[in-house]
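Number of protein chains: 2
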Amino acid sequence: MLEHGGNLRQATLRYGRADWLDLSTGINPEWYPAPAIAGNAWHRLPEPDPALVQAAQAYYGAPLMLPVAGTQAAIQALPCLRLPSRVVVAAPSYAEHAHHWAQHGHKLRQVPYDALDAAISECDVMVVVNPNNPTGATVSREKLLDWAAQLSARGGWLVVDEAFGDTALQASVAGGTPDGLIVLRSVGKFFGLAGLRLGFVAAQPALLDALADLLGPWTVSGPAQQVALAALRDTAWQERMRTQLRTSGQRLQSLLAAHGIRSSGSALFQWWPEAHAEAFHEHMARQGIWVRLFTNAARGIRLGLPPDEAGWQRLEHALTLWTKDKQ
Amino acid sequence: MLEHGGNLRQATLRYGRADWLDLSTGINPEWYPAPAIAGNAWHRLPEPDPALVQAAQAYYGAPLMLPVAGTQAAIQALPCLRLPSRVVVAAPSYAEHAHHWAQHGHKLRQVPYDALDAAISECDVMVVVNPNNPTGATVSREKLLDWAAQLSARGGWLVVDEAFGDTALQASVAGGTPDGLIVLRSVGKFFGLAGLRLGFVAAQPALLDALADLLGPWTVSGPAQQVALAALRDTAWQERMRTQLRTSGQRLQSLLAAHGIRSSGSALFQWWPEAHAEAFHEHMARQGIWVRLFTNAARGIRLGLPPDEAGWQRLEHALTLWTKDKQ
Numbered sequence: 001m002l003e004h005g006g007n008l009r010q011a012t013l014r015y016g017r018a019d020w021l022d023l024s025t026g027i028n029p030e031w032y033p034a035p036a037i038a039g040n041a042w043h044r045l046p047e048p049d050p051a052l053v054q055a056a057q058a059y060y061g062a063p064l065m066l067p068v069a070g071t072q073a074a075i076q077a078l079p080c081l082r083l084p085s086r087v088v089v090a091a092p093s094y095a096e097h098a099h100h101w102a103q104h105g106h107k108l109r110q111v112p113y114d115a116l117d118a119a120i121s122e123c124d125v126m127v128v129v130n131p132n133n134p135t136g137a138t139v140s141r142e143k144l145l146d147w148a149a150q151l152s153a154r155g156g157w158l159v160v161d162e163a164f165g166d167t168a169l170q171a172s173v174a175g176g177t178p179d180g181l182i183v184l185r186s187v188g189k190f191f192g193l194a195g196l197r198l199g200f201v202a203a204q205p206a207l208l209d210a211l212a213d214l215l216g217p218w219t220v221s222g223p224a225q226q227v228a229l230a231a232l233r234d235t236a237w238q239e240r241m242r243t244q245l246r247t248s249g250q251r252l253q254s255l256l257a258a259h260g261i262r263s264s265g266s267a268l269f270q271w272w273p274e275a276h277a278e279a280f281h282e283h284m285a286r287q288g289i290w291v292r293l294f295t296n297a298a299r300g301i302r303l304g305l306p307p308d309e310a311g312w313q314r315l316e317h318a319l320t321l322w323t324k325d326k327q
Numbered sequence: 328m329l330e331h332g333g334n335l336r337q338a339t340l341r342y343g344r345a346d347w348l349d350l351s352t353g354i355n356p357e358w359y360p361a362p363a364i365a366g367n368a369w370h371r372l373p374e375p376d377p378a379l380v381q382a383a384q385a386y387y388g389a390p391l392m393l394p395v396a397g398t399q400a401a402i403q404a405l406p407c408l409r410l411p412s413r414v415v416v417a418a419p420s421y422a423e424h425a426h427h428w429a430q431h432g433h434k435l436r437q438v439p440y441d442a443l444d445a446a447i448s449e450c451d452v453m454v455v456v457n458p459n460n461p462t463g464a465t466v467s468r469e470k471l472l473d474w475a476a477q478l479s480a481r482g483g484w485l486v487v488d489e490a491f492g493d494t495a496l497q498a499s500v501a502g503g504t505p506d507g508l509i510v511l512r513s514v515g516k517f518f519g520l521a522g523l524r525l526g527f528v529a530a531q532p533a534l535l536d537a538l539a540d541l542l543g544p545w546t547v548s549g550p551a552q553q554v555a556l557a558a559l560r561d562t563a564w565q566e567r568m569r570t571q572l573r574t575s576g577q578r579l580q581s582l583l584a585a586h587g588i589r590s591s592g593s594a595l596f597q598w599w600p601e602a603h604a605e606a607f608h609e610h611m612a613r614q615g616i617w618v619r620l621f622t623n624a625a626r627g628i629r630l631g632l633p634p635d636e637a638g639w640q641r642l643e644h645a646l647t648l649w650t651k652d653k654q
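So the protein sequences, as listed, match chains A and B. Read left to right, the first sequence gives residues 1 to 327 (this note's numbering). Read left to right, the second sequence gives residues 328 to 654 (this note's numbering).
Isolated chain A, as found in the complex:
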């Protein structure tokens, strides 16, 4: 299985401490306050709630959506829904996409973001994470729709993973999904509800039907549906959070810049190609801060947002020590 952030058990085992400031994910540290769960939500087989789908369609502005057990479920399932194809996955990026497309007989190429345009004519499926995790690279809405049209014309797909798209609404292509365009959205990141295991897929009905068939019944737990329904409908919380996260993201970028680090990313995380990535990871771990070390294509460090002022101070202190060490 691939390595991911949020693996605090591993951190605790390796470093013998449990008081981590966990910055290893890009999940909003201020999670949506889950309402009390109706007792029988744990009890009943979780029928799909039409109200949840309606709330998601309103929030994402998408005409048709399928709830799935986290974006991860869709990432794993989509490669099973096509005969062997020529697949381009934008790179470096979230590693689960390439991992699963490679496992189902497809011919996979990983292509840098700035070479995607040239690759369209040579593939049947293209997968783009927008904004990208971890680099923050983006592709314009117009470009994506153009690629989708080109691919669709020959029966291809453009898969756009907008897991981190909630703070840059105008960039989303979920608002209308022509044939061949498949958009993945995550409830976990922006709402800080990664424990729910809930995401949505926007696409044409035939594809959503095939995906639902493959994923089978009762994929999203009853309580997860209840919590998400409240979160997706709470537009006041969403607006406040969008502003707050943009401010926090800029604060993180500025803090890093003040320590000589030029980073990019999204409102929820910053990333940079740290030359001494292992040493930085080790330094932070010894300060009780768990960051995400990337050692493969996207070699570098990703930092999520601290959950509170004490966390910001702790991060600043650790960065200051790191800068001193490097001088």
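Hints were generated in silico from the structure; no laboratory data involved. Just so it is clear, CB atoms sit at the ideal spot from N, CA and C, and this is done for glycine as well. Among the hints, erroneous ones may be present.
As the list claims (entries may be wrong) - Using C-beta positions, here's what the derived DEER-type ranges look like:
(1) A/K107 x B/L408: 22 to 32 Å
(2) A/A18 x B/G482: 41 to 51 Å
(3) B/D444 x A/D19: 51 to 61 Å
(4) B/S467 x A/Y15: 46 to 56 Å
(5) B/E330 x A/Q54: 21 to 31 Å
(6) B/L408 x A/Q150: 30 to 40 Å
(7) B/E449 x A/Q103: 24 to 34 Å
Since the structure of chain A is provided, determine the placement of chain B on it from the hints.
Just chain B, lined up with the frame of chain A:
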């Protein structure tokens, strides 16, 4: 997608009433009282909790188990873990097994329970639900272990789905899983927690590793892990419930017998090959009782347990009306 019990939305749409006595599943109507959920269980990516696996191993008496998002997740995944094989699925039974084995290039045969012994020599994989849903048919522990040994000797599998096995512990083969034996357990039925989406698979480590890889990370939500941990550790509740469910199951069988219906099943449901199955289903629906109608191989009716004394009375009244109609 196949039809299942618990589909109250469909019942409500078809009959225009919402006050259903839902007897359409085999889920314990008295669910384990879910403890309050720690707020950040919704927030964090749900790392697998070693304590949950330990609690499951203790409860099921199995040396090694993998948590999965409901037995359903394992049912869907197992057919992907073998090259095309000759597969026998015991029939009639829970339809999802045959449905998924048929979808992955395997050569599927459905074989009646009393002909399974003779079929062992002619298959690579056999799937048995024990006790069976909906008929209640059982296969002895000794017989299952013998079949597993025969299949394993030529690289085959015996898959035993013990989703309804919690009230007949001595029949379980989860207690030691030699090569080739794969046992599925469900937290949803006995504990009445179908909304959790949690089950366990017992098997040899190599198979569990392959299954975990296929299912991917974070399959079980954080809150589901917390609720299940409490339920699996609560031996007092489990003992009380085992006695209570055995009594209730016998009461259901006796009630049906008093109305001329000879049924079989488990502590959690009764089933019979009703000659006028559609008419019975319609009669009960008009009384506000939602039962499970089987129109395929297991043609007949399945009834779960009423949740309270009022439910028992309502069922008895409806059965009396049915008997009168038939005279």
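Hints violated by the structure (listed by number, smallest first) | none
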